[in-house]
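With the hints as a guide, bring both chains together as one complex.
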Amino acid sequence: MNRGSHMVRAFDEDLRFLSSKIATMGGHAERMVSDAVRALVNSDAGLAESVIAADAVLDDAERDIDDKAVLIIARRQPMAQDLREIIGAIRISADLERVGDLGKNIAKRASAVADKSQPVRLYRGLEALADLALAQLKEVLDAYASRSVDRLVYVRDRDEQIDVMYTSMFRELLTYMMEDPRNITACTHLLFCAKNIERIGDHATNIAETIFYISTGKQMPLERPKDDEANAVIVDQPE
Amino acid sequence: MNDNAGNRQPSRWTQKLSEARQTLVAVFLVLAVMVVLEPRLLAAAIAGFLLVAGVAALARSSRWPTGKNQGLQGTSADTKELLPARLLADALDDPMVIFDREMDIVFANKAAILAFGELTPGMALPLKFRAPEMVELVARVIRDGRASLQEYHERVPIERWYQVSAAAVDRAGGLFLLAFSDRGELRRIEKMRSDFIANASHELRTPLASISGFIETLGGPARNDPAAQKKFLVIMKAQTDRMARLIDDLLSLSRLEMKPYSRPDKLVDIRDIVSGVVRSLENLATEQGISVEEHYPDGRLEVPGDRDELIQVFENLLSNAYKYAQSGKRVVVSIERRKSDGADAIAVSIQDFGQGIPREHIPRITERFYRVDVETSRVQKGTGLGLSIVKHILTRHRGKLLVESEVGKGSTFTVVLPERGDLT
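Chains A and B are the protein sequences, given in the same order.
Sequence positions in the first sequence follow the working numbering and run 1 to 239.
Sequence positions in the second sequence follow the working numbering and run 240 to 663.
Chain B extracted, bound-state conformation (with noise of 0.2 Å):
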């Protein structure tokens, strides 16, 4: 930096940019070059620029104090400087960490926290991403100063999958990026696919049997008696009626599954949910012989959620709570707050008076396709597909459902939604 420009007072943001101009150029070169192989990548791009701009500029300041009037001055002054190139990685979409050359974690931004959890400066990055490729992208990416990962695949507790590019930002300083992009969708379509076709081509299969066995009769030994032919029109109808049901609980779960990893952030009014859903199935309750209590608290009961997909959850439960128990003659839904995990949750129970569920088969209910008792399912047009539906919906809202039954006695599915909306 020349006299001139001292004289000109630059701002000390300017000032330390220049300094760290080397490394800026570095980085924006190999930025440059990850963007045009990965056009997809470019915000990231921009955004890490912006951070290792920051970063630079702090680290020059900081670590060869140049005898310049800057370098005694506060850090506090740096760390306002530094803010926006931090919330911009904030505002990204797409996780972003850096970690310096003894792999420890510098900086996460905020989507890289919601995906992965905890990532706090200072703690080691191959305890956190412990699969083997991402030790040796990691690896690499300090010897060679990039390195990208075609596919990262995590599977609990949610299905992901990302694309990983690594870069050295700034090798002096010793500094390196990990940016994540998203290839979730690709991926969750494929295996839709073929989730579809195994669960519909098994399931569909029993119905359409049936139905052409019928339309065969009908052309053949039924085909001049009336009574038969509108008793089998009748049986063919409703199975046809079933499959639709069938397919629109498939395509229902397919999109569930579609969603990207993202938590629902609106807030909205359990209660409201809860109710609306009893009067909109009051009809069902009305045919099955049942009467519905419902005890809800006073105050705010918000938790962030999806309206829609709420609405789905506690239909579910409840029209299952009315056609499986229906013996019991009554439903007793309730809102509370408790703990969960140590955290303010909201817990809304659906309890009936049925003949419950073995207790062997509780685990199982929310998996595809598991039936109870398959002919009491057939009987009331169950696809199989509800819990899955339900469990899915809870999964995206980091809730739980909590099952208790006892044969004889009846049901109570609790749905628990955490409170606050951040990730533990």
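For reference, chain A alone in the conformation it holds in the complex (with noise of 0.2 Å):
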């Protein structure tokens, strides 16, 4: 960022101000996400109730980003990378506000699952999921305090991993719920779990083609570099 580069130096301040609150936004999402995975897989009622409530102090950032927002674009008519830098975060914070959505919606399965106890190799199978998921949240984040948007281009290759994955867990959930009736309520509860999970990876991609935005004032390109396989399962992730 250029701080401290404008002649009107609560300008500086004001832009300030909403890249710190998409920071907390960010911490609190990536944490929603990792708390609602983990109180699922280890049907912990009382993580999923703080997951629940944690929800509003993203609602609440996004409206005051909204509202700064609006207020500088009155006050300062800021051009170009100012401009974009606005636009910009009331973008990320609509898809940060939703990524807490997702979590609060999979922390609100939690106890609805928790009273069967599941095939260990399901959770662990969506907790891979919410890894992939996390990781590509953690690059977007990081790369938004980084500004660097080189990597940015190979987001979409691990969406494409959390496609696949997701496509598999399907797969998966669909046998168990044919095997035994039983088994539907839970299965359908981690189908859409893992659904989440999966808008979550695409909310992040989202986000990277902000940043990318932000920075250059391009759409980030369509194509991407060909140097890995297209049709390839990348595992680069730690479990």
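Hints in this document: simulated from the structure, not taken from any laboratory.
Source: prediction; values computed, not measured.
One should not assume that every hint holds.
As the list claims (entries may be wrong) - For lysine-lysine, the following DSS-like pairs were computed, each having C-alpha atoms within a straight-line distance of at most 30 Å:
{"no.": "1", "chain 1": "A", "residue 1": "108", "chain 2": "B", "residue 2": "430"}
{"no.": "2", "chain 1": "B", "residue 1": "620", "chain 2": "A", "residue 2": "138"}
{"no.": "3", "chain 1": "A", "residue 1": "195", "chain 2": "B", "residue 2": "430"}
{"no.": "4", "chain 1": "A", "residue 1": "68", "chain 2": "A", "residue 2": "218"}
{"no.": "5", "chain 1": "B", "residue 1": "505", "chain 2": "B", "residue 2": "568"}
{"no.": "6", "chain 1": "B", "residue 1": "578", "chain 2": "B", "residue 2": "349"}
{"no.": "7", "chain 1": "B", "residue 1": "349", "chain 2": "A", "residue 2": "138"}
{"no.": "8", "chain 1": "B", "residue 1": "620", "chain 2": "B", "residue 2": "430"}
{"no.": "9", "chain 1": "B", "residue 1": "470", "chain 2": "B", "residue 2": "620"}
{"no.": "10", "chain 1": "A", "residue 1": "138", "chain 2": "B", "residue 2": "578"}
{"no.": "11", "chain 1": "B", "residue 1": "469", "chain 2": "A", "residue 2": "218"}
{"no.": "12", "chain 1": "B", "residue 1": "648", "chain 2": "B", "residue 2": "620"}
{"no.": "13", "chain 1": "B", "residue 1": "349", "chain 2": "B", "residue 2": "505"}
{"no.": "14", "chain 1": "A", "residue 1": "195", "chain 2": "A", "residue 2": "138"}
{"no.": "15", "chain 1": "A", "residue 1": "108", "chain 2": "A", "residue 2": "195"}
{"no.": "16", "chain 1": "B", "residue 1": "505", "chain 2": "B", "residue 2": "620"}
Said to hold, decoys possible - Distance windows between CB atoms, simulated:
{"no.": "17", "chain 1": "B", "residue 1": "484", "chain 2": "A", "residue 2": "181", "range": "55 to 63 Å"}
{"no.": "18", "chain 1": "B", "residue 1": "538", "chain 2": "A", "residue 2": "219", "range": "34 to 42 Å"}
{"no.": "19", "chain 1": "A", "residue 1": "50", "chain 2": "B", "residue 2": "525", "range": "58 to 66 Å"}
{"no.": "20", "chain 1": "A", "residue 1": "53", "chain 2": "B", "residue 2": "379", "range": "19 to 27 Å"}
In this text, a Cβ means the ideal position worked out from N, Cα and C, and glycines have one as well.
Here you go:
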């Protein structure tokens, strides 16, 4: 960020306010998602409750960012990079707010799944999926901090991994449901959880595109660099 | 500073240090308290002190030119004198970050950059350390002058735990220090124990049940049947072998998980390792009736890596290819240079022409105990942990495993290892 470069110091502070709010939102969203999945896997109702409560922070922060952004635009009539910075903050906060909602939704399902124990393997798959999505979220938020765009183009590759993984989870859950109809309730909840996590990955990709736009003024190129095989599954995440 | 001292021509360094003495005394006291409370932080405290001494001296001379002769002399000399403090901070294993009242990063040592990635001066700290408790910690230290956090946990990309101490090092100049000390080992032991119990109890139960069943039969219905006894003993032997293998693999996986978040820095010759593994598994290849083709390029093929661990990676992949794709009769091992995520890398591919892996299984095959085909795995004496181990080792090497497969045509497992040691 080119902080301290404006004639009006207050303007710098306004922009700073936005980016620090985004950071807060990012931190909370990451925490909510990882706690929600943990609550689900360990059937931890208390943790699930706290995740549900934490969503209010994100809602408030999004409103703050919207209000502030409108004020800044009206008062300072920013142009170019500054304007993109502000519009970007609005977009990113909307994405993060959605991520929070999805996390909350996962936490709500934790209690529904808790009373019946499911095969460990299902949870393991869900955790692996969540780790992929969290890694992606972390990568884009780190990119927001450093404003380095060169790694952003690879975020889409990860998103593909998440999609493939989700498809695999989907099939597995279907198999369990067909094996025993008593599994249907719990497996449906788990299926929605997996879908939510997959959506979180999509929001992370959106944020990556927004950051690219803020920094360069251009849309992220659709064509990714062709140095990795297209049709391969890339396994580079720890369990 | 009095005139006498000036006449004796003290080095600029001592001069500045003495000007900053109040700060340094304060810092020293704070750090001394920290060390008393937490002896493990001693090294971090010393380095922090020296670093602050340097920064404080620089800050003094640049912010409050007192009219004394050093005020106008160039900063390049100052930077040089700062060097030892920075070098010391960089030599430290524990991550350390210094930031100002605006929560902007002033300095991060090498360990911090290695652990957390990009931390450039001027970057806002809360953007990088976003966890709510970290943000709160930073706010608290700016308000109260010191604070600590029992546990800072990062789940991705590699699970890590730190204890974080924060202290004001120079409240007048508004500098604060975050010192991280690795708590991972403790937590990993804990996690390893629970994982081990969960995995082992589940996976060992099956062979154990089968053995105890046979023991009952041997003591009962088959008591006087030598032929049946012989047959049962063979099965029981196979089951105990399987349990032993399982425990070996679980232990080796646990050992890998125990290793701290460190990246190997020694260079190893990949061609050497791969061809060595091919030689050592020649027997297995012949046994399964498989011919091996090797394609290696010329020139240096070195990556930073741990020799033994990489040997295990290629052993696991190659023996998988031999065992599960014997119908193909052919395995191709090749090494090539390529770009991965924009960086130079070396790719080792192991291609078989066996039955292939159905697409829906591919994303899951590195999960523990995930088996594509339980029956084949059992016949081939698999433990379900081989690829987990591979993945774990590659993660430590910042490498990747690419899996391409088509049912009926075969699979290609490609290991991509970055050539350069620095973190992206």
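> So which of the earlier hints does this model not fit?
Replying inline: The structure conflicts with hints 2, 5, 11, 16 and 17, although it agrees with all the remaining ones.
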